[in-house]
Amino acid sequence: MGSTFAETETAVAPPRKKTSALQRLKQSFDIGSVLLIAVIAIGGYNLIQWSRVSTLDFGIIVDYGPALAKAAGMTLSVTAVALTFGLLIGVGLAVFLELPIGPFRYLIIAHIEIWRNTPLIVQLFWVHFGMPALTGISTTAIQSGVIALTLQSSAYLADIASGGIRAVPQGQWDAIKALALPGRTGWLQVILPQALKIMIPPLGNLAVSFLNGSALLGLLSVGELMTVATRISNFTSKPVEVMSTVALLYLVINLFISYLTNLLERFAGHRYDAV
Amino acid sequence: MDSRQNHAPLIQCVNITKRFGTFAALTNVSLSVFKGEVVCIVGPSGSGKSTLLRAVNGLQTIDQGTVTFDGITIPGPSRNVRLIRLEAGMVFQSFNLFPHMTIRKNVTLAPMRARGLSQAEANERAERLLKRVGIGDQIDKYPDQLSGGQQQRVAIARALAMEPKAMLFDEPTSALDPEMVKEVLEVIRELARTGMTMMVVTHEMGFARELSSRMVFMTDGAIVVDAPPREFFGPSTDARLRTFLSKVL
Amino acid sequence: MMQFEFSAITRSLPELWIGVQYTLALVFISLAGGIVLGLLACMGRLLGRGLLAWTCVTYIVTFRAIPEMVLMFWIYYCAPLLGGVRPSSIIAALAAMSLTAGALLAEVFRGGIGGVPRGQAEAARSLGLSEFWVWRSVILPQAFRIMIPALLGVTALMVKASGIASTVGVTELVYQASVTAGQSYRYLELFTAVGLFYFGILFPMSMVAKFYERKLALRAR
Numbered sequence: 001m002g003s004t005f006a007e008t009e010t011a012v013a014p015p016r017k018k019t020s021a022l023q024r025l026k027q028s029f030d031i032g033s034v035l036l037i038a039v040i041a042i043g044g045y046n047l048i049q050w051s052r053v054s055t056l057d058f059g060i061i062v063d064y065g066p067a068l069a070k071a072a073g074m075t076l077s078v079t080a081v082a083l084t085f086g087l088l089i090g091v092g093l094a095v096f097l098e099l100p101i102g103p104f105r106y107l108i109i110a111h112i113e114i115w116r117n118t119p120l121i122v123q124l125f126w127v128h129f130g131m132p133a134l135t136g137i138s139t140t141a142i143q144s145g146v147i148a149l150t151l152q153s154s155a156y157l158a159d160i161a162s163g164g165i166r167a168v169p170q171g172q173w174d175a176i177k178a179l180a181l182p183g184r185t186g187w188l189q190v191i192l193p194q195a196l197k198i199m200i201p202p203l204g205n206l207a208v209s210f211l212n213g214s215a216l217l218g219l220l221s222v223g224e225l226m227t228v229a230t231r232i233s234n235f236t237s238k239p240v241e242v243m244s245t246v247a248l249l250y251l252v253i254n255l256f257i258s259y260l261t262n263l264l265e266r267f268a269g270h271r272y273d274a275v
Numbered sequence: 001m002d003s004r005q006n007h008a009p010l011i012q013c014v015n016i017t018k019r020f021g022t023f024a025a026l027t028n029v030s031l032s033v034f035k036g037e038v039v040c041i042v043g044p045s046g047s048g049k050s051t052l053l054r055a056v057n058g059l060q061t062i063d064q065g066t067v068t069f070d071g072i073t074i075p076g077p078s079r080n081v082r083l084i085r086l087e088a089g090m091v092f093q094s095f096n097l098f099p100h101m102t103i104r105k106n107v108t109l110a111p112m113r114a115r116g117l118s119q120a121e122a123n124e125r126a127e128r129l130l131k132r133v134g135i136g137d138q139i140d141k142y143p144d145q146l147s148g149g150q151q152q153r154v155a156i157a158r159a160l161a162m163e164p165k166a167m168l169f170d171e172p173t174s175a176l177d178p179e180m181v182k183e184v185l186e187v188i189r190e191l192a193r194t195g196m197t198m199m200v201v202t203h204e205m206g207f208a209r210e211l212s213s214r215m216v217f218m219t220d221g222a223i224v225v226d227a228p229p230r231e232f233f234g235p236s237t238d239a240r241l242r243t244f245l246s247k248v249l
Numbered sequence: 001m002m003q004f005e006f007s008a009i010t011r012s013l014p015e016l017w018i019g020v021q022y023t024l025a026l027v028f029i030s031l032a033g034g035i036v037l038g039l040l041a042c043m044g045r046l047l048g049r050g051l052l053a054w055t056c057v058t059y060i061v062t063f064r065a066i067p068e069m070v071l072m073f074w075i076y077y078c079a080p081l082l083g084g085v086r087p088s089s090i091i092a093a094l095a096a097m098s099l100t101a102g103a104l105l106a107e108v109f110r111g112g113i114g115g116v117p118r119g120q121a122e123a124a125r126s127l128g129l130s131e132f133w134v135w136r137s138v139i140l141p142q143a144f145r146i147m148i149p150a151l152l153g154v155t156a157l158m159v160k161a162s163g164i165a166s167t168v169g170v171t172e173l174v175y176q177a178s179v180t181a182g183q184s185y186r187y188l189e190l191f192t193a194v195g196l197f198y199f200g201i202l203f204p205m206s207m208v209a210k211f212y213e214r215k216l217a218l219r220a221r
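Protein chains in written order, with the working numbering: chain A, 1 to 275; chain B, 1 to 249; chain C, 1 to 221.
Source of the hints: derived by calculation from the structure; they are not laboratory data. The beta carbon of each residue, even a glycine, is placed where N, CA and C say it ideally should be. Mixed in with the good hints, there may be bad ones.
Under the rule of at most 30 Å between Cα atoms (straight-line distance), these lysine-lysine pairs were calculated in the DSS-like manner [stated by the list, open to error]:
id: 1; chain 1: B; residue 1: Lys-165; chain 2: B; residue 2: Lys-182
id: 2; chain 1: C; residue 1: Lys-215; chain 2: B; residue 2: Lys-105
id: 3; chain 1: C; residue 1: Lys-210; chain 2: B; residue 2: Lys-131
id: 4; chain 1: B; residue 1: Lys-165; chain 2: B; residue 2: Lys-131
id: 5; chain 1: A; residue 1: Lys-70; chain 2: C; residue 2: Lys-160
id: 6; chain 1: C; residue 1: Lys-210; chain 2: C; residue 2: Lys-160
id: 7; chain 1: B; residue 1: Lys-141; chain 2: C; residue 2: Lys-160
id: 8; chain 1: B; residue 1: Lys-182; chain 2: B; residue 2: Lys-141
Derived coverage of chain C by chain B (criterion: at least 3 residues anywhere in the stretch with Cβ under 8 Å from a Cβ of chain B; other residues may be distant) [as the list claims (entries may be wrong)]:
id: 9; segment: 47-60
id: 10; segment: 127-136
id: 11; segment: 180-186
Take a look, some chain B residues computed to stay more than 10 Å from chain C by CB distance [stated by the list, open to error]:
id: 12; residue: Gly-65
id: 13; residue: Ala-88
id: 14; residue: Ser-94
id: 15; residue: Pro-228
Only chain A is shown next, with the shape it has when bound in the complex:
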């Protein structure tokens, strides 16, 4: 963010010359970088236990590759299901909040606030272990996992959707009224598309959060990435290799999601520019 870093020293930049690759390489090493390299080099040299590092066997990963891939797939599907339902419910709730429904709105707000302001792990245990006592129905691990994820995501999404709806310019509402558009058309064709476009960035962040949240389902042995990771590392007694790989997998998946979000933002921008 260069906005507040206006140059204060000299008022003229040196005349532009063509910077060769070597020059650019030189420019990218300022004193901070040099210090950083020094710190890492010295720290690494002294602290890294090379004897242990050399015994690492990443070949294990290849052996278990298919299992990990399948588990990653399950992580993605669980997250996708939870987010999809969460989105539908959340947007629905947000729309309801805009309608004249009287005291019923407090129920909706209560739902949103409760599921937004408690940790996922508590929700998970509550749904899986506590709810059966309340309702008499007991859910399988995966059902509990998806339910907890969906409930929490619906709360977050309702909040985001509310924000998105409110961010749609007032003029759009006026236009709907002036044209006497029926409620459903107004919502589905005018307001929601614009609200959704506004919601894309926070939605991207939410997708990353919930993908990370799905790791908790490993505690219930649901079969997603974390479950499999702990199983393999216990079985092979090579937790370093397994955990590193799994961390990397999450990283890659999340980076990909962020990338998709960016693409989506740009794509949506062209089609839905508000007047």
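Go by the hints and put chains B and C onto chain A.
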């Protein structure tokens, strides 16, 4: 009213060039402003007027050329920019008052921290100046409690509090509702009458005509016309100026 | 449908209280560590060139993309490679939480500073103020006000992350609740109580954050 003296101009811009990527904002622009002069700069948007003004106090870096203000030249030793800023007051189109401070604090901050005045001295100066611009009684309010015209007058007082040698105005009334333009112009008019050297980028033609010692017309990053108002608004030789004036007058 | 037994909760209060203390310790210490890391990363990113800036960006992006649980496990198992000592579970949890907090806070700081309109710094510099005063009197106070909702958000995330520390064996609140619930089979009561406790902390913070957000939006002129 020829105020040109035999000694050097207070503000001297020499061959200033500034490019943003491939866009040439300023190309070899030279301008001198003598002490006591009011120079009004006009022109279509994108002509480089604001860029030139901001180059004078170093807010805008330039690729080529020099600016000399009261003998201090930039580019030069790194402290020169700050030295110029102490002597050149700037008033912005969007006021830029500090929203988290009272008016009093807005006006006393720089005199205290940059000129080393004591709290009492800074306060006295602030009260005097705010009264001069007509906002004496609002001194302990916050900017968001004032109207646009009031805020801009505070901004002028804030710049004056540093007792600058010259004032730079960057479209001071462009962001104001029409009914508030007059009160701000009145303050600037009064300032000119006291002999303050000023460079004013503006769209207010009537005002510029009345107050300026010289008018400068810019297009496409260059100064096209630089003349006293009578000559400027009279039958002009430059076609572009004629077109511009026909659109704005 | 079973009866809701309050006594299940009251019987476990001593253990739960220990859990609360651990939870609070986790949150505060990780925030402190996170502020330091976040400041370094933010400044490194904004002020550094090339390698330093790139490293900071990588740090920020990476530690926002890895689940806390995975990170805690990873540190717990991999730390011996970097010092020969297996860390205690609480150290591993704290390290993971601090690293995550640091990455989040670096972005918060960046947003705060970037959220101050450019004209503010320009006006301050035009007055001849030295960089020190430009930052101290004009930029930072405004940046801080902008950051308040996001700071509360990060705190809330740390509170939620503290619950995950139970998976590596830290005896904070969720751990205590699981253990006592496992003994008494009173999962519903205990987790409702624990849920309410977290709610009691997080809901007020969320309300304050919302209030500040609205206040900032109004002020934007």
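Original post:
What hint numbers does the structure not satisfy?
Top reply: 3, 7, 9, 11, 13, 14
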